[in-house]
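Chains as they are written, first to last, in our numbering: chain A, 1445 to 1987; chain B, 18 to 446.
Since the hints were derived computationally from the structure, they do not count as laboratory data. Hints are supplied without guarantee of correctness; some may be wrong.
Distance condition first, Cα-Cα at most 25 angstroms in a straight line; then the derived DSS-like pairs of lysine-lysine [to be verified]:
{"id": "1", "chain 1": "A", "residue 1": "Lys1911", "chain 2": "B", "residue 2": "Lys103"}
{"id": "2", "chain 1": "A", "residue 1": "Lys1878", "chain 2": "B", "residue 2": "Lys365"}
{"id": "3", "chain 1": "A", "residue 1": "Lys1974", "chain 2": "B", "residue 2": "Lys124"}
{"id": "4", "chain 1": "B", "residue 1": "Lys365", "chain 2": "A", "residue 2": "Lys1974"}
{"id": "5", "chain 1": "A", "residue 1": "Lys1911", "chain 2": "B", "residue 2": "Lys122"}
{"id": "6", "chain 1": "A", "residue 1": "Lys1966", "chain 2": "B", "residue 2": "Lys124"}
This one's a predicted model, so the numbers in the text were calculated from it and none came from an experiment.
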Amino acid sequence: MKKVRILSLLSVTALVTTVLVTAPTVANAAPMCDGKSPIQSCVGVTSDGAPYAMQVPANFNGTVALYSHGYRYNVDIPAGIPLIGGYKITNTPEPVPGGNAEVAKYFFSQGIAIVGSGFARQGWNPDSAIKTNVELIDTFKKQFPKTTKVVAWGSSLGGVITQGLAEKHPELVSAVAPMCMADNVSAELTMAGDFLWGIKVLFDPTIKAGNYSAGAAGVAESYGDLVKVFTVMGKLQASLTTGAWPDTSSATGKALAAAGIPSRSALLLLGLMAGLPTQSAHFDSISGPDGALKLTFPLAISPVLAILENGTNAAALAVLATQDVENQTGGAIFDNTKTDYSARVDAERVIFNAALSGNTAIDAMLGALSAANPGAPRAAGNAAAVAKMKALHQNTGKINVPTVLMVGVADPITPAGASQRLVDLYAEQYAAEKAAARKAYQASRDYKTPTNKLLMLWNTTPSNYTKFDAAGSPITSTAAAQGTNHCNFTSAQLVLVAKSLVQASSTGKLPSGGALYTAVRKAGNLSIDKGISVPWLKAYGDN
Amino acid sequence: MKALHRRKLLTATAVLAVFGLAATAIPAQAAEVGVTSTQIKLGMTLPMTGTASLGYNKIPGAAKAYFDYLNANGGINGRKVTLVVKDDRYVPTEAVAKTNELILKDKVMALLAPLGTANVKAVASSVNPGRRGVPVLFVNTGFSGFADAKKYPTTYTVLPSYIMEAKIMGQYIKENFAGKKIGLLYQDDDFGTDALAGFKTAGINFAVKVPYASGSQSAAAAAGWITKFKAAEADVVILFGVSSATSAMLGVAAQLKYAPQWMLGSVGGDATTIKLTGVPAGVLYNAIGFSPVPATTDMKDEYVKFFSDIYAKAVPGSAFDLNVLLGMNTAFMAAQALKAAGANPTRKSLLAAIDSKGATFANSALVPAAYSKTSHVGLTGYWVGKYSPAGDLSPVGGTYVSYTTDSGAGAVVKTTYKRPAMPAKGLPN
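Please model the entire structure based on the sequences and the hints provided.
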C-alpha cells in the first residue's frame, strides 16, 4: 500500500473579510458617509459596539441586502498552534460574503445597497447578532428613508442569524437566504463534541474535550487541546496504511489495537458516529489509483481520509466553540451519558463494512465506546449550563418569508442535514397551509393555493474527483471539490442566490419553472431535485 | 465555522445534477419518467469490472438478451425495454453516484436488480428511491431486511433471503449430518448476520465459526481459515460467502489436500464462476449446493431451455450459468410487471402490479414467490443438490425436492408449489 500524503488537513482557516473598512469608535452615532458617487460608503457602530458598513449606489432603488457573516473564533489563536495559529479576533464588517466583488457588483447593478456588520461579539452569537441586525436595519432606513425592502442573507452561523431574524422579525425582511447554515447550538456542538470525545477516549485521554476552566485558564486548556488533537490527527494520518495506533492511545484504544483493529477503522467509526460526511475536499470514497489498490482504496482507505480531512475541522470547532459556549453558560455543555452510538451507525455499518474491518471489529469498537465501559468514560454536562445553552437562540424552522437555502452536500462543519431539517419542517408547514386553504375553500368556495416559500439549492459533489499522481498517491493540492468543504461556493452560485432574493423581494415569489431551471444550470453544480434528502444531524435521532 | 468563501471560480467538471425539477416548477409531464411512446428505460448498477465482477458481469448481458428477444416480439405494448447499465465496481459510494446518474441523468423509470447488500443499502439511504417513488425491482441480494416495505417502500427482493437459505441448510444438516462437527465461513457483515440468524433458528451449533471482513478474502486468508477448521476438526464446512471467498478457500484446500464435506451457499456456489478462477472442477465433486432455480444444465426444463437458447444466440460462446439464468429470469419477471402495470405504465402502477400479481408471475424458480400488498418478499426457498465431477449442480437423488420457509421462525417444509407453465413464446401475457 502506498504512503498517503495529506498536505493540508484544515482547509478553511482564513476568516477575515476582504472588505476593508475603517472602524469608527463612537457607538450608536449616525453613520459616517463619504458622499461619493456612484457608490456611497458609510460606516458606524451599533449601540452594542458592532462596527458596520453600508454601500449604497447612486441609483438606489429602495432595496438593501443585509449580510451576516459566519463564526469567527472568540479568542486569539497563538501562532505556534498548527493549522489555525495566528488568528486574531476581528469584527471587521462584512457586507457581502467574503467581500465578494462580483456579488457586490450585481447588487449595485440593480440599484440595491449592501450592508453588514462585524458583530460586537464573536463566537456563538445569534442572540446578540439578531439584535444587532434589527438595529442596523433601523439605522439604515433612517439614513436612507427611500428604503422599502430588506433582504437578508448569511453564511454558516450567519445563516442561523438570518433564519432567526426571519423567524423573530418577519416584518423586517421580504426574503432571506441562509447559506451553508449551521444547526442550532446543541445539535451542532453535539456533532463536533461526539467526534472530539471519541478522539479523546481512544487516541489521547489527556485531551480535555470540554468542561474547560473559566476565563484565561480555560482558554489555555483549549489551546492545549488544539495542539493535542492536531497531533493525534497527524499520527493517524501517518499510520493510515499500517493501522498502528498513536502512542498516546488510551488503554481502551490499545486493547482494540491488540485485537487487530486498525486505527483507521476506529477513526472512521468516530466520524460516522458524529455524522461527518464521508466525502471531503479531496476524497470522494469512490476513486482508486490504477493497480492493486483500485478497489481497496475506495472501499477501505478513502472514507477514512475523508473523515481525516473533515474531522480535523470538526475537532477544531468542537474545542473552540465548546470553550466559547461554556464561557457563556458557566459549565460543561457536552453530555453523551445517554448517547447510543451503536444506534447512530446502524445504517452505515454495512455500507462502510470493509473500511470498518467487519462486524466483529465494529462490535468490538462499539462495545469499547459504550457507556458500560469505564475505560471510555462518558462526558456529563452541567445541568444548569446545558439548560442555559438550550435557552440560547434556537431556530424553530418556521418559514415566514420567501427563503433560499444553499448548502454543500458534504459540508463538514455545517452538515447539509441542518438545511434538510428546514426542508422537512417546511414540507409539514406547507401541507398544513394547504389543508387550511382547503378548509377555507369550503366556506368561501375560493381556493387559494398557498405560495411556496422555500427554494433549496444543493451544491452537489462531482461523480468522482479524487486525483492520483503517477505513483498512485492521492493529490491534495487541488482546489476542494464542489459540494465539499465549508461554504465552498462559486461567485456564480452566490449571485444566483442574490438574484433569487431580489426577485422574491420584488414579486413575493421565489423563482420557479423554466427560468429557475436555466438559472440553476448556468450557476453550475447546483441541484434543485426534490428527491435529494440527507440525514439530519445525529443529535436529532438520539432519544 | 468560518465565513470565508472561495472567490476563485472552480472549473465546473461535475455532473450537473439539475434534472429533477419540482412538479410545481415545470410543465406537467405527458408520461412517466423513463416511459415514452416507444420505450421503457430501466437502469442497473453492479460490478462490471474489478475483482468482484467475476460472474456478476454476465447479468446485464443476460437481461439484455431477454429484453432484446422481447423487443423483437413487440416489446411491452409496443414499447421497447432498454437497460442502462452502470459499473459500480462493488463500491457502495460508487453505487450511490451511479444510481444518481441513472435517476437524474438517464431518467430511468425503475432500477432493476442492483447488486450487493451494502450497495443497495447505501443507495437506499443516500439516493432515497423510496422517497422519490422510484421502483427498485428484484434486488440482487438475499439480505432479508430489504423485504421491509416500510423501510424500503419501493424495493422488492427476488432471491430467497440468506436467513431462509441458512434455515434450509440447517434442516439438511440435521437430517444428514447429525452428530458431525460443523464449521462455518461467513462474511462479517449483514450478509453473514442473516446467515447466523438463520442457522440459529435452525438450531445449528457450530464447532467453529470463521468470519472474514468483506474485501479481505485471499489465498493467504484462506490458508488461515483452513487452519481454524482443521483445529476444530470440522467434518462439514459451510462456505457462506461470495464467489471470491469460495474460490480462495477451495483453491487453497485443493493445494493442501484439505477435503471436508463442503456445503456451498448459493451466492458463492456458481460452478462456472468458481472454475474461472482456476479451481479444479473436481474439488467441487460431492459438495452440497442450493439453488432456487433449476440446474443450468437441465435442458429438459422448459425455462432453462428457453433462456439458454436465447442466450446462446445473443451471446455466442458464453457459458449459460447461474448468473445468466437468474439475470434472464429477473428480466422476464420485470417484463411481466411492466405488462401488468397497464397500457401506460407509471412507477406507481408498476409497484401496484407487483403487489397484486407478482406472486403469479411465471418464472423458472421451483419455489413460490410471496409478493402481495403487504409483502415485498420474492422467492422463498431452495432445492438441494450435489456437484458432479464436472462441477455441475444436480438435485440430490435426481429429482428436485424444494423446501420453503420464511425469514422468521417459520418451519422449513417441502413445498408442493406448482410452477406456472411458460407463457406462449416466453412473452408476458
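Comparing the hints with the structure gives:
1. A:Lys1911 - B:Lys103: 21 angstroms, holds
2. A:Lys1878 - B:Lys365: The hint holds at about 24 angstroms.
3. A:Lys1974 - B:Lys124: Holds: A:Lys1974 and B:Lys124 sit about 14 angstroms apart, inside 25 angstroms.
4. B:Lys365 - A:Lys1974: 18 angstroms, holds
5. A:Lys1911 - B:Lys122: 24 angstroms, holds
6. A:Lys1966 - B:Lys124: 21 angstroms, holds
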